[in-house]
Amino acid sequence: MLKVDHVSVKRGASVALKDVSFSLAAGKTLAVVGESGAGKSTLISAILGLLKPAQGSITWAGAPVRLCRPALVMQEPRSAFNPTLPLRHSVFEAVKARKLHVGDARLDRLCKGLELERDLLDRRPAAVSIGQAQRVGILRALIAAPSLVLFDEPLSALDAVTQKHTAKLIAQLQKEEGFAALIVTHDLGYAVAHADEIAVLKSGQIEEVSTPQDFAVAPKSAYCRVLRDAAIALGALEPAE
Amino acid sequence: MTLSAHGLSVVRAGQAILYPTSVCVSPRDRIGLVGASGSGKSTLGHALVDDLRMQGHVVAYVPQSPDEALDPLWSMAFHWREAEKALGLRPGAADRKTLFSALKIEGGDLRKRPWAWSRGMQQRFVIAMALMGRPNLVVLDEPTSALDPVVAAATMQLLDHCLRESDTAMILITHDLGLAARHVSQLMVMDGGRIVEQASTEDVLEHPKAPASKALSAHRNWLALPC
Amino acid sequence: MISSVFDLVLRALIVLAGTALATFALLWHAPGDPALSIALARFDTLVTDEVIEMVREEAGLNIGFWPAFRAWIGPLLWFDFGNSSVTGREVLPDLLVAVSYTFPLAFAGLAFGVAVALLLAFVATKRPGGWMDRVAVGVASLGAAIPAYWLGLLLILLFAVHLAWLPAMGARTPAHAILPALTLGLGVAASLTRIIRSSILEARAQPFLPAIRRRGVPSSAIGRDHVAPHAAVPVITLVGLEMAFLLEGAVMVEIIFGRPGLGTFLVTAIEARDFPQVQAVVVLTALLFVTINLVIDVIYRVIDPRIGGQDA
Chain B
1 MLKVDHVSVK RGASVALKDV SFSLAAGKTL AVVGESGAGK STLISAILGL
51 LKPAQGSITW AGAPVRLCRP ALVMQEPRSA FNPTLPLRHS VFEAVKARKL
101 HVGDARLDRL CKGLELERDL LDRRPAAVSI GQAQRVGILR ALIAAPSLVL
151 FDEPLSALDA VTQKHTAKLI AQLQKEEGFA ALIVTHDLGY AVAHADEIAV
201 LKSGQIEEVS TPQDFAVAPK SAYCRVLRDA AIALGALEPA E
Chain H
1 MTLSAHGLSV VRAGQAILYP TSVCVSPRDR IGLVGASGSG KSTLGHALVD
51 DLRMQGHVVA YVPQSPDEAL DPLWSMAFHW REAEKALGLR PGAADRKTLF
101 SALKIEGGDL RKRPWAWSRG MQQRFVIAMA LMGRPNLVVL DEPTSALDPV
151 VAAATMQLLD HCLRESDTAM ILITHDLGLA ARHVSQLMVM DGGRIVEQAS
201 TEDVLEHPKA PASKALSAHR NWLALPC
Chain L
1 MISSVFDLVL RALIVLAGTA LATFALLWHA PGDPALSIAL ARFDTLVTDE
51 VIEMVREEAG LNIGFWPAFR AWIGPLLWFD FGNSSVTGRE VLPDLLVAVS
101 YTFPLAFAGL AFGVAVALLL AFVATKRPGG WMDRVAVGVA SLGAAIPAYW
151 LGLLLILLFA VHLAWLPAMG ARTPAHAILP ALTLGLGVAA SLTRIIRSSI
201 LEARAQPFLP AIRRRGVPSS AIGRDHVAPH AAVPVITLVG LEMAFLLEGA
251 VMVEIIFGRP GLGTFLVTAI EARDFPQVQA VVVLTALLFV TINLVIDVIY
301 RVIDPRIGGQ DA
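Protein chains in written order, with this note's numbering: chain B, 1 to 241; chain H, 1 to 227; chain L, 1 to 312.
Next up, chain B with everything else stripped away, as it sits in the complex (with noise of 0.2 Å):
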């Protein structure tokens, strides 16, 4: 599982993760809202090891975080992908760099569970919708059998429907794979509808670590508060009579 022990990290003078923790158990889902500027991004830089943090530890199952493999699915879905090349070369880029064997059942079952044609992947990312590139972004993340997928801000850049649709293949595949998702969002809806837990991010610290169900319908907190009471303006949630 993966373990953040009092992080804190420094960007430039300021502190952008002030003595974070928590902890995400294998096959589960967490996930960190706020609002932009709270440190959300730093986070996913640190787990990937590509911040070092300041003080604390980031481990998964006792060992450094990158010998699980873990794997990053990012907001805009085109520019995700190298525009000149078909979707397939950036699809197996990583594996092949690691000399990795992935089986043709594989790529079809997970193709068939994100909803791709495999033809697909011989388009290059102008070709196909946002939706789709997406869902291929997906793919590559998952392709090697990570322990660990990092998603930011997954769905934000798709269309209401697409993200409902989006949200439910990816909470299918997990069942399936098993991977630990931990999904950095502002959408709210989202995170209620589908993580095990919901971390808040402010200024750079956890502000609170609850259950959907506690978040949604008692926040602990004044800002988780004005948090879920956006969330319902916006239509994201509804508070049923």
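Derived from the structure by calculation, the hints contain no laboratory data. Hints are supplied without guarantee of correctness; some may be wrong.
Said to hold, decoys possible - As a list, the in silico DSSO-like pairs of lysine-lysine whose alpha-carbon atoms are at most 30 Å apart:
id : chain 1 : residue 1 : chain 2 : residue 2
1  : B       : Lys10     : H       : Lys209
2  : B       : Lys10     : B       : Lys28
3  : B       : Lys168    : H       : Lys104
4  : B       : Lys52     : B       : Lys28
5  : B       : Lys202    : H       : Lys104
Since the model is a prediction, treat every value here as computed from it, not as a measurement.
Fit chains H and L to the supplied structure of chain B, relying on the hints for placement.
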């Protein structure tokens, strides 16, 4: 006065992205123009604004993100003055104080350029510019999707508040039926470059007829909360 | 703003000091015996070993690198470039004469080139992809493909020989500068046209323009306030560089039209291994480049304060 535009259509590279469409808007209307991405809703919004402006109506337009409304090389004061000039107003003729306080634009230095302001403030400034000429209609294209939820919710609330007392009609373009449901009373649902359903918001939410409306209605939010 | 300009000036001074040291070191360590070259240039066939030693002493070539560098750089700070090793005359007056021929020609050429390039680019961008665009781009490509010596000869043939409107050789009157300025200017125009054209097209594709248009701002104001400043940034860089190259002196054009100038001054000095003269030209060139770059950087910051991490 009712605004109407007829036979709006757009063809790009030999392909129709907007089939001939007519739109009528009465004062105080709150209309949602909804549909999936690529359904032609933004195209219709642009065509409608351009057509009504050609007819001589005062129509304002607010794009999705402030990056699409403000030139990073010029100060906020310059943008404000430019918008005044475009409306034929004398300098300072628009009631900036009232608009700014209604939209809670506080503490931003007008001499600074847009990127020195927060995005939420930039977007509210753009909305203030849109409202300064007391337009007959304001068309907002996904006005909050580039903003944080907290800021987005506050912006929509302030916008509602600003429009409550005025005769200005509003068209809200969005892919999010959940958002539209809270801010408009009528819906136009678009699919494949056509308006496929036009009815009151309640009707579309409860008894959607077109397939596109059914999909939007079924996916309008993530969860209904027991609270 | 003030502090960032100060930073820029400081950086420029460091570049100048580095250039001075590097040129001096390069010339000092160049292969061959400089004393022999100078002796040959001065005394031709009368050169003996004693003469060479005498020259070595006179030119200060026998005292080691650092003392020689100090002896050179000290007076240089007061714009004293020393005396020519070959003629013994002071360098500065001769350099100023060369400059007085080169600079007016360079500015005339640049002004003509920029004017032509702006005209062609505006015509081309009236309707991108239209026939006028293709003609303008074609003319620019053709201009870039024609070497200066050939263009110069063509202009001489046409205006001096056939039409006999303008003098071809020498530099006695301002009229003598017209043909060389045309030659330089057309070369400049060729390279600038395409950059200006693509800058304008890029500036017109900026995301905020449709909304500003829908706000009712007339297209003339949009062009002036929202397209031109954005298009200007890359163009200013290139105009600055072209200016620096022209001010350095265009050897080819000077030779074709039989004009004195910095280019010929430098070539003659290098052939004779006349250290003080060569160094004077190099220092002048470095000073020009650094000054022009400094001016460009300041202009950037005025147009777009985001460059250089400024506040709005």
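Hints, one by one, checked against the model:
1. At roughly 54 Å between alpha-carbon atoms, Lys10(B) and Lys209(H) are farther apart than 30 Å, so this suggested pair is violated.
2. Taking the CA atoms of Lys10(B) and Lys28(B), the gap is near 29 Å; set against the 30 Å cutoff, the hint holds.
3. With a CA separation close to 38 Å, the supplied pair Lys168(B) and Lys104(H) exceeds the 30 Å bound.
4. The hinted pair formed by Lys52(B) and Lys28(B) meets the criterion: a straight-line CA distance of about 25 Å does not exceed 30 Å.
5. With a C-alpha separation of about 23 Å, the suggested pair Lys202(B) and Lys104(H) falls inside the 30 Å cut-off, and the hint holds.
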